[in-house]
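First to last, the sequence lines map onto chains A and B.
According to the numbering used here, the residues represented by the first sequence are 2 to 248, in order.
According to the numbering used here, the residues represented by the second sequence are 2 to 248, in order.
FYI, nobody ran anything at the bench for these hints, they're computed from the structure.
Since we're looking at a predicted model, the values are computed, not measured.
Be a bit skeptical, because a hint or two may be false.
Same chains, same names: a pair is fine if it fits in one copy or spans any two.
[Said to hold, decoys possible] Straight-line distance between alpha carbons at most 27 Å, and here's what the computed DSSO-like set of lysine-lysine pairs gives: (1) LYS38 with LYS61; (2) LYS26 with LYS151; (3) LYS75 with LYS38; (4) LYS26 with LYS61; (5) LYS38 with LYS171; (6) LYS151 with LYS131; (7) LYS192 with LYS61; (8) LYS26 with LYS75; (9) LYS61 with LYS131.
2 protein chains.
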Amino acid sequence: MEPAFENIQAKGATLPEQAAEQISKLIVEQHLTCEDKLPSEFELAEMLGVGRGTIREGVKLLVARNVLDIRRGKGTYIAPNPGEIPDPLGFFYYPDQFRLALDLAEIRLQMEPWVARVAAERATAEDLKKLREACCVVEQDIVAERDHSKNDVLFHVAIAECTHNLVVPKLIPIITYAITLFVSLTQSRLKAQTLVDHREILDTICDRDVERAGAAMERHIEYNRALLQEIVGRLGKDKGELPSSTD
Amino acid sequence: MEPAFENIQAKGATLPEQAAEQISKLIVEQHLTCEDKLPSEFELAEMLGVGRGTIREGVKLLVARNVLDIRRGKGTYIAPNPGEIPDPLGFFYYPDQFRLALDLAEIRLQMEPWVARVAAERATAEDLKKLREACCVVEQDIVAERDHSKNDVLFHVAIAECTHNLVVPKLIPIITYAITLFVSLTQSRLKAQTLVDHREILDTICDRDVERAGAAMERHIEYNRALLQEIVGRLGKDKGELPSSTD
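Based on the provided sequences and hints, a complete structural model is requested.
Dropping the structure here:
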């Protein structure tokens with residue numbers, strides 16, 4: 002096997018950045034997974050020809066980026082989904098959260114009916130079982146008057162899993178970012194409609210009715226978008242931010 | 002004005018993680034932008050009621066996540082697009098880069114014709130000027146036999162900018178992730194077709210011909226997908242990874 006590392010030489014990036022890059026390459030080249038422990042600081046320092054301090058800083062960078070995972074009392078492992086981070090596009094920092102929510106709704110309206118159609122085509126029996134469960138969990142939240150926003154996202158992710166496309170389930174949490182903000186702004190109207198819509202989406206996918214699955218999803222997102230637009234109009238767009246869910 | 006910070010109390014997250022979260026909130030609440038310097042370690046330590054070491058580690062976390070930016074000799078500033086990182090879904094770590102590329106092509110085929118249609122509807126004169134320039138840059142790369150993959154992505158981002166949707170231009174670099182790998186695998190066939198396709202997409206958008214812009218983009222992506230599928234078939238899917246572009 003070829004050596005996984007080149008010795009680090011001073012380029013544009015800082016030494017810890019370069020160490021992080023080399024460790025990333027090691028993970029890929031050696032097909033390391035979340036079962037695998039990272040070599041020790043000492044071993045990495047030897048391999049890269051740098052001090053242990055540089056390795057330590059490089060590892061910190063990769064922990065911050067969710068590539069590595071420090072398990073208390075066990076050591077440093079590869080993260081379960083290396084490099085995947087919450088809010089990867091930095092939506093949290095967008096100054097106009099209203100506009101962000103409306104722009105996301107536009108994307109959802111384009112993407113998710115297609116996702117539902119593909120899901121109706123490709124879902125396995127196992128997928129449908131998980132989808133039914135995900136639907137029930139949202140229903141239980143709503144009936145119990147708990148915040149259903151997290152499980153709502155997971156229902157849409159479960160639909161995306163039915164497509165067997167590797168990336169679609171990763172895009173759903175991005176484009177549904179506004180759900181949490183949105184749910185807190187709406188009252189029982191949204192909740193009642195969500196129960197009906199989700200059930201219809203579930204049933205049409207389970208029936209493998211491609212066209213009706215797409216149409217049901219389209220109605221669901223369009224309803225949500227119209228409600229959001231109404232709220233934005235009411236609260237005044239110039240305020241420039243949605244009230245936070247903890248208000 | 003309300004105080005931006007709560008004093009940090011021990012919760013689940015580590016102290017540096019909590020400091021990072023509080024600093025993030027400060028950035029949002031005080032509408033700080035890339036023009037703004039972060040308060041000093043000393044000031045932050047006072048505000049959060051923790052040691053400077055904790056602040057230092059929290060700042061490192063936010064630098065690793067591209068929320069903060071250390072400018073040499075100037076200090077720590079807010080990053081230009083805070084929280085936006087390259088490869089936010091960790092595609093680099095996916096074991097089957099072939100399948101990733103094909104799954105991304107499926108998403109592009111769904112998204113980008115729509116993006117082209119919306120671009121043809123909404124583009125301003127200024128947008129079209131930038132789009133023409135972006136098209137020329139790719140052409141120059143191809144004619145000069147340089148790697149055109151980076152500028153190819155930027156052409157597709159320029160189309161996405163024409164939609165005036167905040168998020169669409171951020172999604173393009175994600176779903177075009179495979180272009181770099183892909184370009185290195187293809188020969189002059191792709192380059193000649195890219196010249197023709199990009200020009201047609203540009204012209205139809207400039208003509209504000211919504212339907213033809215969508216159709217031109219669809220053909221472009223479908224051509225790319227078919228070529229990719231052919232290559233994947235030829236190289237053998239079982240290998241599980243595309244040759245790296247430096248091979």
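These are the hints, each one checked on the structure:
no.: 1; hint: LYS38 with LYS61; verdict: both (15 Å within a copy, 24 Å between copies)
no.: 2; hint: LYS26 with LYS151; verdict: between (34 Å within a copy, 21 Å between copies)
no.: 3; hint: LYS75 with LYS38; verdict: within (9 Å within a copy, 38 Å between copies)
no.: 4; hint: LYS26 with LYS61; verdict: both (16 Å within a copy, 22 Å between copies)
no.: 5; hint: LYS38 with LYS171; verdict: within (25 Å within a copy, 33 Å between copies)
no.: 6; hint: LYS151 with LYS131; verdict: within (16 Å within a copy, 39 Å between copies)
no.: 7; hint: LYS192 with LYS61; verdict: neither (42 Å within a copy, 41 Å between copies)
no.: 8; hint: LYS26 with LYS75; verdict: within (23 Å within a copy, 32 Å between copies)
no.: 9; hint: LYS61 with LYS131; verdict: neither (36 Å within a copy, 39 Å between copies)
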